[in-house]
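When you get a sec, could you build the whole thing from the sequences and use the hints?
Chains as they are written, first to last, in this note's numbering: chain X, 2 to 105; chain D, 4 to 164.
In case anyone wonders, no lab produced these hints; they're calculated from the structure. Check the hints yourself; a few may be wrong.
Said to hold, decoys possible - For lysine to aspartate or glutamate, the following EDC-like pairs were computed, each having C-alpha atoms within a straight-line distance of at most 20 Å: (1) D:K131 / X:E56; (2) D:K35 / D:E133; (3) D:K120 / X:E57; (4) D:K120 / D:E62; (5) D:K120 / D:E39; (6) D:K131 / D:E119; (7) X:K13 / D:E71; (8) X:K49 / D:E133; (9) X:K49 / D:E30; (10) D:K59 / X:D8; (11) D:K55 / X:E14; (12) X:K13 / D:E119; (13) X:K30 / X:E61; (14) D:K163 / X:E14; (15) D:K59 / X:E57; (16) D:K164 / D:D60; (17) X:K49 / D:E32; (18) D:K28 / D:E103; (19) D:K55 / X:D8; (20) D:K131 / X:D8; (21) D:K35 / X:E47; (22) X:K49 / D:E119; (23) D:K164 / D:E71; (24) X:K13 / D:E62; (25) X:K13 / D:E53; (26) D:K42 / D:E133; (27) D:K55 / D:E71; (28) D:K28 / X:E47; (29) X:K49 / D:D107; (30) D:K163 / D:E103; (31) X:K13 / D:E68; (32) D:K120 / X:E47; (33) X:K49 / X:E14; (34) D:K131 / X:E94; (35) D:K42 / D:E53; (36) D:K120 / X:E53; (37) D:K120 / X:E61.
What the hints assert, rightly or not - Below, a sample of chain D positions facing chain X; criterion: calculated Cβ distance under 8 Å: (38) L18; (39) T150; (40) T158.
Just so you know, even glycine gets a beta-carbon here, dropped at the ideal spot from N, CA and C.
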Amino acid sequence: MLLTNIDCVPGKEIKQHFGLVSGSTVRAKHFVGDFFAGLKNVVGGELKGYTELLEEARGEAVNRMADQAAQFGANAIINIRFSTSSVAAGAAELYAYGTAVLVG
Amino acid sequence: MDYGDLIQIFLPIVLVIVAYFTGTKVEAEHYKSIIEREKRFLNLPALTMEFKSLFKDAESIQQIERAELVDGSVVISVDYFKHFVASLKNFFGGALNSYESLLDRARREAILRMKEKAPNSDMIINLKLETSSIGKEGGSSGKGVLTVEVLAYGTAISLKK
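And the structure:
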């Protein structure tokens, strides 16, 4: 699966459009991580646990989007966008969306 | 006045003082590392330009070998001292300089991490930056310490050698 956030796949021609595909995950922080994050809030700096958590969750969202595109028979997703929203205290939704196409 | 009262009064003050020294040190070290790594990636520009404005004719498109999505992200929080200063400033209004440097560090770090994932490409185009506040209680309006996540993503282009 080819993924880009531009409106084409360079050097290839778009043969068929399959419309919007998307994937999302909702993740909550876990208690132990949150405790250490609270300590880290005192000294400031990067919260590595959260960076990893969100990175992994975003990867999951992209995989779900790619699975959906594969079901249509697409081999590329173009114009991908990401968005993050906090839906509840301590939980975030990571959303990825794009246009599934067949290129060749 | 017993020990309980003393701890209640002095603990926040001690925390603010400790946070001032550690926070300043952490920030200085982070900036040092950011500037050093930015120098290393000078030959890999990240552009906000669209594909069509960079590659106008078929000939230049032929030059492209590979295009792939890359991203980089970081979750970063202010220290307790800056949080304290910001809450005072919030009361009187005005610029929150202490938060400006936090967001600056977060964005530059996210862009660097994105570049580190595509070290052999020639440019990253259509760069997008996404910032979201994942503050603790009640998000940005609550009393939680400001924690932001910055995501940088774009399309890494490798040209034929």
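key: Indices of hints not satisfied (ascending)   = 2, 4, 12, 15, 26, 30, 33 and 35
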